[in-house]
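Fit chain S to the supplied structure of chain F, relying on the hints for placement.
Residue numbers (my numbering), protein chains in the order written: chain F, 1 to 150; chain S, 1001 to 1152.
It is possible that part of the hints are untrue.
[Stated by the list, open to error] Pulled a few chain F residues facing chain S out of the computed Cβ check, cut under 8 Å: (1) E8; (2) L13; (3) G48; (4) N109; (5) G112; (6) W115; (7) T122; (8) Q123; (9) N144; (10) I145.
Rather than coming from a laboratory, the hints here were simulated on the basis of the structure. Each residue gets a CB set at the ideal place from its N, CA and C atoms; glycine is no exception.
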Amino acid sequence: MATAAVKESNDDLGKLILRVTVGALIVFHGLALATGDAGIPNNLVRWGLPAQLMWIGFLVEFFGGLGMILGVYARLGGFLLGVFMMIALFMAHSGLMGAQNHWFMVANNPAGNHWDHYFLETQMFYLLGAFSVALLGAGRYGLNIGGKWN
Amino acid sequence: MASISMAETGSDARSVAAVREDVAKLVLRCSVSAMFMIRGYAVLTGEQAIRDTLVRWGLPQELAFASAYFEELAPLMVILGIFSRLNAAAMTFWMVMAFAMAHIDTGHIFQLDAQNVGWRVEGPFFFLIMSFCVALLGAGRYGLNIGGKWND
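Isolated chain F (complex conformation) (with noise of 0.2 Å):
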């Protein structure tokens, strides 16, 4: 019983630091977006898209990052941030309308001496974690809301 319990709050606690981390640092890339990172307008544009449509990705990034930190419609957040994944994958990184493809590269380290992680390291934990928060959910620790989405 007492196992079981420890085990237990350990899921939990898992499921809150998972969603806290990518909620927290997915939110300063909402804030860099709002306030004139040019990377997503860039690529819209490139795909003949108005830039205006960055604000849905606003929206995903930062309320969907909120959400998660907040455990308020984290599952909700966390698929959004997968599909909105995906599709910057798709767009940006799959070496389609002039973009390069990224899905089997290496890239290098800072001092650019030598390479050292996978070229999508960064999109990958936030699509894979993004995605793992909307099948895991959000645990105990929160404010528990939004139902099942949470």
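Showing chain S alone in chain F's frame:
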């Protein structure tokens, strides 16, 4: 009759939730481990960053070969489902050491990345947290399931 079908519905609903959790645990442990192994391969084939950090702290740079366990063997066992919690805890320890030795005194933890769009240590922090999550959540059902409570 009615009670039987209710019980069946109940167990179905539980199993969907359980499958979701197991899939998430599989996705988490395989993604963090695969990317660890790519970084570990770079270290073993001559990437200098860890060696430079060790030298800066007055330690022998050969300690970088510990990544053969922490960044290759441990992640491989996590992927397979062999003592996943223990090995993920070791990977977490490895990342704590990375932060202690390379990212705190250098001020990286207070900086944005080169493009000014995210936290500078986003990558290492993801490795730290994802490993810790695997240690806390366990491997789930999809794997070799070796190690009893130290795996699942």
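Tested hints:
Hint status for E8(F): violated, given a least beta-carbon distance of 11 Å to chain S, over 8 Å. Here the hint on L13(F) is kept, as its CB sits about 5 Å from the closest CB of chain S, short of 8 Å. Hint status for G48(F) relative to chain S: violated, with the closest Cβ pair at about 24 Å, above 8 Å. Given hint, N109(F) at the interface with chain S, holds; its Cβ is 6 Å from that chain's nearest Cβ, closer than 8 Å.
For G112(F), the interface hint is violated, since its Cβ never comes within 8 Å of a Cβ in chain S; the closest pair sits about 11 Å apart. Because the smallest distance between the Cβ of W115(F) and any Cβ of chain S comes to about 6 Å, under 8 Å, the interface hint for this residue holds. Restraint check, T122(F) versus chain S: the minimum CB separation of about 6 Å is within 8 Å; hint holds. The beta carbon of Q123(F) is not positioned within 8 Å of any beta carbon in chain S (closest approach about 11 Å), and the interface hint is therefore violated.
Interface restraint check: N144(F) against chain S, minimum CB-CB distance 16 Å, threshold 8 Å, status violated. The closest approach between the C-beta of I145(F) and any C-beta of chain S is roughly 19 Å, which is over the 8 Å cut-off, so the hint fails.
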